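Participant: Residues per chain, in single letters:
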Amino acid sequence: KAGVTQTPRYLIKTRGQQVTLSCSPISGHRSVSWYQQTPGQGLQFLFEYFSETQRNKGNFPGRFSGRQFSNSRSEMNVSTLELGDSALYLCASSLLPTATDTQYFGPGTRLTVL
Amino acid sequence: TQLLEQSPQFLSIQEGENLTVYCNSSSVFSSLQWYRQEPGEGPVLLVTVVTGGEVKKLKRLTFQFGDARKDSSLHITAAQPGDTGLYLCAGALYNQGGKLIFGQGTELSVKP
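For the record, the sequence lines run as chains A and B. Just so it is clear: in the first sequence, position 74 is 74 by our numbering, and no numbers are missing. Just so it is clear: in the second sequence, position 33 is 33 by our numbering, and no numbers are missing.
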């Protein structure tokens with residue numbers, strides 16, 4: 001069974017631009033979560049989607065948004081990029097959005113904002 | 001405010017030594033997970049503990065969930081160089097779906 005895939009793996013953007021990251025969950029998984037990982041803040045929860053609905057949102061500005069499609073694939077968008085948005089963005093999928101359902105993480109997208 | 005305090009942040013030990021990593025919080029978690037992350041990869045789940053006082057063993061790794069469901073520990077016996085990596089604890093709060101609160105991580109280096 002293929003794991004969680006994220007594209008692109010690496011991305012370089014400049015301040016003020018916007019970016020879209022993609023996540024394909026494990027086949028059959030309907031829940032997708034996004035996390036931002038930085039050396040200073042560690043892993044922080046961005047949002048969680050299930051059946052195309054955002055079920056939970058972390059404490060990030062409105063520049064961060066996401067969506068989930070009917071095939072469970074998910075995208076997240078960051079508009080008006082800032083230097084501080086440089087991070088590893090991780091996507092995780094699970095069968096259901098519950099506390100005990102195993103979340104499988106993808107390899108991440110490394111975003112660098114210049 | 002870090003909801004889940006993980007310590008130590010860095011640990012460098014010799015092969016064969018034992019070590020313990022701690023995660024503490026003032027919040028009560030419905031479950032707590034431990035992950036290991038290698039450079040350039042996403043975290044990989046090691047274990048999920050869901051019952052207060054629960055102890056789980058995975059070969060040389062022992063995981064414990066506190067009785068009050070506010071803390072957890074990971075103990076590695078006879079560490080090996082292959083154990084090197086970033087260890088992360090992550091807690092799930094009640095009624096928050098699959099949202100995980102992560103500790104800062106413990107960077108473990110085991111030297112041969």
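Check before you lean on any hint, since a few could be wrong.
Stated by the list, open to error - Where chain A lies over chain B, by a calculated footprint (3+ residues, C-beta under 8 Å): (1) 40–47; (2) 72–83.
Stated by the list, open to error - The following label-pair restraints were derived from C-beta to C-beta distances: (3) A/Glu52 x B/Gln14: 45 to 53 Å; (4) B/Gln14 x A/Leu83: 35 to 43 Å; (5) A/Gln18 x B/Gln14: 33 to 41 Å; (6) A/Ser86 x B/Ser12: 38 to 46 Å; (7) A/Gln17 x B/Val55: 33 to 41 Å; (8) B/Asn24 x A/Asn56: 29 to 37 Å; (9) B/Ser12 x A/Gly16: 26 to 34 Å; (10) B/Gly52 x A/Thr102: 27 to 35 Å; (11) B/Pro8 x A/Thr20: 15 to 23 Å.
Bear in mind the hints are in silico, worked out from the structure with no lab data behind them. Given the structure is predicted, the values throughout are model-derived calculations rather than measurements. The beta-carbon is built from N, C-alpha and C at its ideal position, and this holds for glycine as well.
Participant: Starting from the hint 45 to 53 Å, judge whether the C-beta atoms of A/Glu52 and B/Gln14 obey it.
Facilitator: 51 Å, holds
Participant: Mind checking the hinted window 26 to 34 Å against the Cβ distance between B/Ser12 and A/Gly16?
Facilitator: For B/Ser12 and A/Gly16 the Cβ distance comes to about 41 Å; the hint is violated.
Participant: Quick one: are B/Gln14 and A/Leu83 within 35 to 43 Å, going by C-beta?
Facilitator: Holds, at about 40 Å.
Participant: Quick check on a hinted range of 33 to 41 Å for A/Gln17 and B/Val55, using CB atoms only.
Facilitator: The hint (33 to 41 Å, Cβ to Cβ) is violated, given that A/Gln17 and B/Val55 are roughly 49 Å apart.
Participant: Are there three or more residues in the segment 40–47 of chain B whose C-beta lies within less than 8 Å of some C-beta in chain A?
Facilitator: This one holds; 6 residues, not fewer than the three required, reach chain A with a Cβ under 8 Å.
Participant: Three residues minimum, CB to CB under 8 Å: does the segment 72–83 of chain B make the cut for coverage by chain A? Let me know.
Facilitator: violated (count 0)
Participant: Falls inside 38 to 46 Å, the C-beta gap from A/Ser86 to B/Ser12?
Facilitator: 27 Å, violated
Participant: Starting from the hint 29 to 37 Å, judge whether the C-beta atoms of B/Asn24 and A/Asn56 obey it.
Facilitator: 24 Å, violated
Participant: Per the hint of 33 to 41 Å, is the separation of the Cβ atoms of A/Gln18 and B/Gln14 within bounds?
Facilitator: 48 Å, violated
Participant: Does 15 to 23 Å hold as the CB distance between B/Pro8 and A/Thr20, or does it fail?
Facilitator: 38 Å, violated
Participant: Using the beta carbons of B/Gly52 and A/Thr102, state whether their distance is inside 27 to 35 Å or not.
Facilitator: For A/Thr102 against B/Gly52, whose Cβ atoms are near 20 Å apart, the range 27 to 35 Å is violated.
Against the hints set out earlier in the document, violations occur for numbers 2, 5, 6, 7, 8, 9, 10, 11.
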